[in-house]
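A.B. asks: As a plain string of letters, each chain reads:
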Amino acid sequence: MSNIIDLSLSELVLNIKNKKISSKDVTSTYIERSKKSKSLNAYNEETFDTALKKAAEFDSKPDFNKKLSGVPIAVKDLFCTKNVKTTASSKILNNFIPTYESTVTQNLWNDGAILLGKLNCDEFAMGSSNETSYFGDVISPIDKDLVPGGSSGGSASALAAKLTPATIGTDTGGSIRQPASFTGTVGLKPTYGSCSRYGIVAFASSLDQAGPMTRNVKDAALLLEVMSSFDNKDSTSVDFKRPMYSKDLSKDIKGKKIGIPKEYRVDGMSEEIEKLWDDGKNYLKDCGAEIVDVSLPHTKFALPTYYIVAPAEASSNLARYDGVKYGFRTEGDNLIDMYEKTRSAGFGDEVKRRIMIGTYVLSSGYYDAYYLKAQKVRRLIKNDFNNIFQKVDAILTPSTPSSAFKIGEKSNDPVSMYLNDIFTVPVNLAGLPGISIPAGLDKKGYPLGLQIIGKSFDEQNILNIAYSMEDKINFKFNLKEWWMND
Amino acid sequence: MSIDLKTVKHISKLSRISLDEEKAKKLETDLNSIFEWIEQLNELKTENIEPLSSIAETKLRLRKDEIKSKNIREDILKNSPDENKDFFVVPKVVE
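Quick mapping for you: the protein sequence lines, in order, are chains A and B. Quick note on numbering: the working numbering labels position 122 of the first sequence as 122, and the sequence is numbered without any gaps. Quick note on numbering: the working numbering labels position 64 of the second sequence as 64, and the sequence is numbered without any gaps.
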């Protein structure tokens with residue numbers, strides 16, 4: 001086997017099953033590469049020694065009937081991993097070692113995967129550039145000084161730089177799809193209720209979903225198949241018959257109706273994005289799909305709605321970090337003083353900002369004007385989608401309003417940073433599945449993505465559409481390994 | 001509507017996050033620009049719209065009230081920042 005790192009997840013599984021390569025070969029190859037790539041700052045925690053031990057164990061007693069037999073995978077540091085430090089990239093969780101495993105990661109290990117390490121992300125998944133992490137900025141392998149997107153920035157960077165064959169992230173407002181778009185990779189946010197939230201550090205519970213980030217659509221289908229399960233430990237987990245996404249993957253999308261929402265043609269959208277979107281429509285037509293113009297009239301209200309709902313839920317979820325239970329404490333004169341000092345020292349600026357927004361919109365006298373209002377607008381946004389899904393099978397949009405930006409470019413202006421998620425946030429508010437696939441390059445040579453949005457629990461359909469388009473797009477990015485040191 | 005420094009300090013108290021004067025002023029600026037942008041929601045009339053609190057909109061499942069985790073006292077206390085491993089220890093609250 002000449003080049004292990006060039007094999008996709010599905011190919012790796014197949015080669016291990018056919019005994020062409022061993023789990024140890026694969027694991028040590030990825031570890032060596034990760035060690036040479038420290039300048040990307042993608043890892044928060046490396047579990048290389050344990051991974052090698054597990055790979056050797058697998059090779060001595062292989063079970064080839066699993067879906068991810070012997071494959072090493074690094075995961076976002078937002079998933080609790082038993083006895084492995086889980087920080088959510090926050091100082092306040094810097095000493096936290098969970099005594100339990102998240103359901104989604106447990107599903108990966110049950111299907112034969114091996115933990116390679118925990119990947120950097122924005123603090124508590126709050127950010128769009130991976131610049132809010134307590135452990136420093138993550139760099140994109142696409143270019144020096146470029147953000148990988150966020151919040152699953154370490155995941156996107158590690159995936160694009162081939163430090164892991166695939167990875168998993170979480171997506172509350174675009175945190176899988178936006179970094180995937182920025183790094184030329186595939187990212188899927190499943191329908192709310194598809195993947196269990198148990199053991200994922202909570203940000204905004206009515207929006208959070210875990211999902212796969214991979215090199216191609218087939219890998220995303222395979223990983224989703226493993227991740228998604230009904231779970232009694234998550235009260236919003238939905239009990240439905242989960243398809244065999246990878247087995248049922250098909251390029252036959254003839255006659256599918258794809259909606260193009262006119263409200264996504266936002267003011268000041270660049271010609272490059274316009275062209276990317278047009279090309280996408282043409283590819284779909286080539287595949288035999290039908291393009292239908294549709295309207296989602298409340299689109300422009302999605303972001304301000306999100307910035308009430310998500311911080312409100314976050315302010316409540318993050319109340320648990322009080323210096324008593326999670327390892328980090330700053331002493332104070334009394335109990336309240338200890339709380340206030342711990343939280344002031346433990347949280348970063350963006351997290352504080354969002355806790356404050358959330359506390360304000362939930363506080364007495366403002367609840368109706370903000371929180372209740374946002375919940376009503378959320379209903380209107382969901383109704384928009386319900387209406388057009390009577391007419392179309394899926395929706396095609398750009399994933400982001402621009403390609404990746406430079407580190408520091410937007411970090412001093414919260415609103416301009418928030419606008420990054422303009423095309424991804426409505427999907428979370430409506431609980432729908434969405435996938436971003438690499439679709440082209442901008443003038444600077446940076447990747448751009450297209451997003452396909454589907455009906456609830458219709459992941460198979462958007463995977464099929466993405467699979468057909470992937471073939472036509474034939475995305476190529478010549479990755480120069482500028483960050484590697486020997 | 002604008003958020004003044006006094007309100008910022010009140011929210012910081014409610015949030016249990018202490019702020020120095022400089023941070024409070026920075027937050028006053030940030031919060032005002034964010035809420036100015038959020039105000040666009042007022043363009044929408046929503047009197048007769050039912051608020052949507054959860055996308056699942058299903059009834060919560062009932063389950064038997066039984067103990068499933070046993071002897072996890074140590075697990076629960078494991079991440080306590082205090083040396084004492086029998087209790088969560090906090091500063092004195094009763095004189």
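Be aware that one or more of the hints could be misleading.
Claimed, not checked - With a straight-line Cα cutoff of 16 angstroms, these simulated EDC-like cross-link-like pairs (lysine to aspartate or glutamate) come out:
1. A:LYS325 - B:GLU22
2. B:LYS59 - A:ASP234
3. B:LYS9 - A:ASP368
4. B:LYS23 - A:ASP349
Read the hints as simulated data drawn from the structure, not as lab findings.
A.B. asks: So which of those numbered hints doesn't the model satisfy?
C.D. replies: 1 and 3
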